[in-house]
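Student: Listed below, chain by chain, are the residues.
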Amino acid sequence: GDSVTQMEGPVTLSEEAFLTINCTYTATGYPSLFWYVQYPGEGLQLLLKATKADDKGSNKGFEATYRKETTSFHLEKGSVQVSDSAVYFCALKTSNTGKLIFGQGTTLQVKP
Amino acid sequence: NAGVMQNPRHLVRRRGQEARLRCSPMKGHSHVYWYRQLPEEGLKFMVYLQKENIIDESGMPKERFSAEFPKEGPSILRIQQVVRGDSAAYFCASCAAERADTQYFGPGTRLTVL
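Chains as they are written, first to last, in our numbering: chain A, 4 to 115; chain B, 1448 to 1561.
Bear in mind the hints are in silico, worked out from the structure with no lab data behind them.
On a predicted model such as this, the values are computed, not experimentally measured, just so you know.
A few of these clues could be false.
To be verified - Here are the simulated DSS-like cross-link-like pairs (lysine-lysine), alpha carbons at most 27 angstroms apart as the crow flies:
hint : chain 1 : residue 1 : chain 2 : residue 2
1    : A       : Lys-59    : A       : Lys-71
2    : A       : Lys-52    : B       : Lys-1491
3    : A       : Lys-80    : A       : Lys-55
4    : B       : Lys-1491  : B       : Lys-1518
5    : B       : Lys-1491  : B       : Lys-1474
6    : A       : Lys-55    : B       : Lys-1491
7    : B       : Lys-1518  : B       : Lys-1498
8    : B       : Lys-1491  : A       : Lys-59
9    : B       : Lys-1491  : A       : Lys-71
10   : B       : Lys-1474  : A       : Lys-52
11   : B       : Lys-1498  : B       : Lys-1509
12   : A       : Lys-63    : A       : Lys-80
13   : A       : Lys-80    : A       : Lys-114
14   : B       : Lys-1474  : B       : Lys-1498
Said to hold, decoys possible - Here are the computed distance ranges between Cβ atoms for each label pair:
hint : chain 1 : residue 1 : chain 2 : residue 2 : range
15   : A       : Pro-13    : B       : Arg-1456  : 22 to 28 angstroms
16   : A       : Lys-59    : B       : Ala-1544  : 20 to 26 angstroms
17   : A       : Glu-11    : B       : Thr-1559  : 23 to 29 angstroms
18   : A       : Thr-15    : B       : Arg-1456  : 28 to 34 angstroms
Cβ atoms here follow ideal geometry from the backbone N, Cα and C, with glycine treated the same way.
Only chain B is shown next, with the shape it has when bound in the complex (with noise of 0.2 angstroms):
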């Protein structure tokens, strides 16, 4: 299965550590989108990368979040000093072209900030 994957699937950290998400997408995708879902909410965006690139960064916290999609190795989403609102679902999202229509998303990465 050529699939997006993410890892881990699930990930417990208390309050003060750091998450680190990894996302890799389709084979041939070079455009990763990463969005959170708070429980009971849509998802909402955070973050376009291209290889080496962070294009668009708008929906990303200021603080203590960070992103990288490497030339080589899967996209890294990268919580630093995590807080119980950062307990959710991340997901990310690959396409093969900046202005592609679809989105092919992962299984997300559920975090709980204990």
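Excised from the complex, chain A in its bound form (with noise of 0.2 angstroms):
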């Protein structure tokens, strides 16, 4: 079935360096994937999204591309906050009832 992965965490950084977290998918169909982030104590918001291949999704300096030939959605910021700690799941959404797989989440962690 239909399934995505992600690096492991926590991810710890010093202010200011580059992120990456890994996201890989599986799933049959033309799925559109997703980056979501989960503050302490809080629901989830959507980062940002692409809906086919090659598409680009990007807010608040962080940026995805959806590559279907390594079923690959990682997601980068060149530069990150302190405010930025939180965890982060990757997802796709299946084109027939429109729920949302989830990764398992990746815990981040940045230090001043």
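Hey, can you piece these two chains together into the complex? The hints should help.
Tutor: See the structure below:
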């Protein structure tokens, strides 16, 4: 069945460091891909999305490119801030009922 | 704020009691999804509802769990005879149309079973 695999965390970086969180997926058909962020004690917020191959989603300095050939959707940011500390979830949406399938989440901790 | 509302935010139940979780979708949204987040895990899909209809319940445990989304009022996720393994965060998300790309999540209900 469809699935999403993320790199394991926690990821600990210093402020202004470069961030990559790897995400690969397995899916039939052509899913849409998403990154959600969860701050402590809160629900999930959509960070960015891409709906077809080679699309690049971007928001708040974060970027991810839908790579069909490698079935990947890696999240990147050039310079992280302490306020970026959160749990990041990669997800895909199937074409049938629209349910989201999530990876296990990657905790990012940014130190000043 | 017209975001997705969930209540209660925290719920404590003893084993064998019932838990009732409510979700009010964003204004204008008629599609609701429920997800469960077990400790240290990602979110798992449970059920997808439209007004008065269950569309996909493939992620719901076969026993003790039920969901509804009546014509009027919030969506309800009901867990009967709770057990410790039901302790988790339960999130609902809403969207405007069946194939809409963006689901908007509520803050979640954190259920603790003693």
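Student: Take the hints in turn and mark each one as holding or not.
Tutor: The hints, checked one at a time:
Restraint check: the Cα-Cα separation between A:Lys-59 and A:Lys-71 comes to about 12 angstroms, which is no more than 27 angstroms; the hinted pair holds. The suggested pairing of A:Lys-52 with B:Lys-1491 holds, with an alpha-carbon distance near 19 angstroms, which does not exceed 27 angstroms. Between A:Lys-80 and A:Lys-55, the direct Cα distance comes to roughly 21 angstroms. Compliance with the 27 angstroms bound is thereby established for this hinted pair. Proximity of B:Lys-1491 to B:Lys-1518 is assessed by CA-CA distance (about 26 angstroms); at most 27 angstroms being required, the pair is judged to hold.
Between B:Lys-1491 and B:Lys-1474 the alpha-carbon distance is near 25 angstroms, which keeps this suggested pair within the 27 angstroms criterion. For the suggested pair A:Lys-55 and B:Lys-1491, the alpha carbons sit about 24 angstroms apart, so the restraint of at most 27 angstroms is met. Distance hint between B:Lys-1518 and B:Lys-1498 is fulfilled; the C-alpha atoms sit about 6 angstroms from each other, no more than 27 angstroms. For the proposed pair B:Lys-1491 and A:Lys-59, the alpha carbon gap of about 26 angstroms is at most 27 angstroms, so the pair holds.
Distance check on the hinted pair: B:Lys-1491 and A:Lys-71 sit about 24 angstroms apart at the alpha-carbon level, within 27 angstroms; holds. Between B:Lys-1474 and A:Lys-52 the CA atoms are separated by roughly 23 angstroms; this keeps the pair inside 27 angstroms, and the hint holds. Taking the CA atoms of B:Lys-1498 and B:Lys-1509, the gap is near 22 angstroms; set against the 27 angstroms cutoff, the hint holds. At most 27 angstroms may separate the alpha-carbon atoms for a hinted pair to count; A:Lys-63 and A:Lys-80 meet this at roughly 9 angstroms.
For the hint pairing A:Lys-80 with A:Lys-114, the CA-to-CA distance comes to about 15 angstroms; that is within 27 angstroms, so the pair holds. For the proposed pair B:Lys-1474 and B:Lys-1498, the alpha carbon gap of about 13 angstroms is at most 27 angstroms, so the pair holds. Range check, A:Pro-13 to B:Arg-1456: about 25 angstroms between beta-carbon atoms, so the 22 to 28 angstroms window is met. With their beta carbons about 24 angstroms apart, A:Lys-59 and B:Ala-1544 fall inside the hinted range of 20 to 26 angstroms.
Between A:Glu-11 and B:Thr-1559, the C-beta spacing of about 27 angstroms keeps the proposed range 23 to 29 angstroms intact. Distance hint check: the CB atoms of A:Thr-15 and B:Arg-1456 are about 29 angstroms apart, consistent with the given range 28 to 34 angstroms.
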